[in-house]
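Peer 1: Protein chains in written order, with my numbering: chain A, 3 to 130; chain B, 6 to 306.
Derived by calculation from the structure, the hints in this document are not laboratory data.
Beta carbons: idealized from backbone N, C-alpha and C, even for Gly.
Some hints could be false.
As the list claims (entries may be wrong) - Which stretches of chain B does chain A cover? Using the computed rule of at least three CB atoms under 8 Å from a CB of chain A, they are:
1) 232 to 242
2) 268 to 278
What the hints assert, rightly or not - From the derived model, a few chain B residues whose C-beta atoms are all more than 12 Å from chain A:
3) Gly75
4) Tyr76
5) Ala123
6) Gly206
7) Thr258
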Amino acid sequence: MKSGLIKGFLAAAAFLSISVSLFAHHGNAAYDSRSVTVKGVVTAWEWKNPHTFLKFDAKDEQGNVTHWLGEWNAPSTLINFGITAKSFKAGEEVTVTMNGMSKTGQPVGRVTKVILPDGQELSMGSER
Amino acid sequence: MSKRLVATAIVLGVLVFSPLTRAQTTEKRESGKNIHRDGWDRIVPNPPADQQAGPAPVRDITGIWEPTPGYRDGVFATGPRNYPSDTKPEHELPFTPLGLKTWKEHKPGFGTTAVPIAENNDPFDICDPIGFPRLELFNLRAIQVFQTKGQVAIIYQNDQVWRNIWMDGRELPKEILEPRWYGYSVGKWTDDYTFVAETVGLDERTWIDNVGRPHSDELKVTETWHRVNHDIMEFTMTIEDPKMYTKPWSPLTKFRMRLQPEWFDIREMICSASEAQDYNKTVAEEAVAEKNAQKKAQPSK
């Protein structure tokens, strides 16, 4: 019981410590806690500091195109999770999960997972 | 037979844990797992949990060090470990009235006083030098320490800068003619395993940490680097600034750093002004849109 409690506390502490490290040093006040998954075609993968951007276009049933902007962690962090400057190519169809959407209602979110055309999943696991 | 088994196990063990073997380890790049890589994309080994570290060498903190147990433990986006910016009373700093006023004028991206990026006035967001001590209180990553007879020099992954801590007997400057982003530092060994550095003359434009804690021209920073054993060093910092704080405070106490293999290549981590400009423009446009949306939602008076 006691060790369960300690494990729970450690897990919570670990989660808190990794979640606050997200998107340093720029703020994260612009995002809420909504989660969205969108299928689209990559238009650009910007491997830049302080954070990377995955740009992709999604089409609805009527053929209207939405230009999405997905913000992800810094290159120096992503590289440790198997995500590199060469992970995405323009024209590829990807499925992007974003946790934290722009409060403006614009199609902007914080990327947490991307599925490539071959089914490979790119993510930072449980870390942020 | 058992002797042969033991010998084989020893040889295998040496091969597995040898820095050379590990440096050359190639592992399939697998996403979702945190597999730490150095700047040359080589996998950095995690030390075995039961590894017994040898004794620390005398008066020697040279080498490449990273925060431990997690190499990202020194990010401190919401303020340093002892004083994160939150609502807990124990994390309130002993501000003077001027300190509190100056802190409120600072508009950081994190902590209780965080603002949207368009309203942010963090000097590091436009790639001004990160300055000292923020260099060690936000994004403390890998460092490499060099020693000569007259100084300890530290190079930092963070913003790719270095500092010289003089130990040739000189004293801290009595009068600061030219404040510096990284100040003026002197150091000394207080025992065979503890190096203490003092720094003054710091540029007032810099923030102490990532949540905008301020400092004045009277800031004095004391760093204590204590080598616990061969592999581990503990880092403590104390802030004294009578204009901004009524008493000294320690943002970090015994923060642990681990010695890395000699082949460890420190990754580039530079604030590029053009990339920052691009980033701020992209995200700030969102923030402006947000403000406009809020204005629309408010009924006119």
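Peer 1: Taking the hints in turn, state whether each one holds.
Peer 2: Quick rundown of the hints versus the structure:
1. Note: the stretch 232 to 242 of chain B has 0 residues with beta-carbon separation from chain A under 8 Å; the three-residue rule is not met and the coverage is violated.
2. Coverage of the stretch 268 to 278 of chain B by chain A holds [criterion: at least 3 residues with CB-CB distance below 8 Å; count 6].
3. With a least CB separation of 8 Å from chain A, Gly75(B) falls inside the 12 Å interface cut-off, contrary to its annotation.
4. The beta carbon of Tyr76(B) is not kept farther than 12 Å from every beta carbon of chain A, the shortest such distance being approximately 8 Å.
5. Residue placement check: Ala123(B) does not keep its beta carbon more than 12 Å from all beta carbons of chain A (closest about 9 Å).
6. With a closest Cβ-Cβ approach of about 24 Å to chain A, Gly206(B) is found to remain outside the 12 Å limit, as its non-interface label requires.
7. Against chain A, the non-interface label of Thr258(B) holds: every CB pair exceeds 12 Å, the least being about 16 Å.
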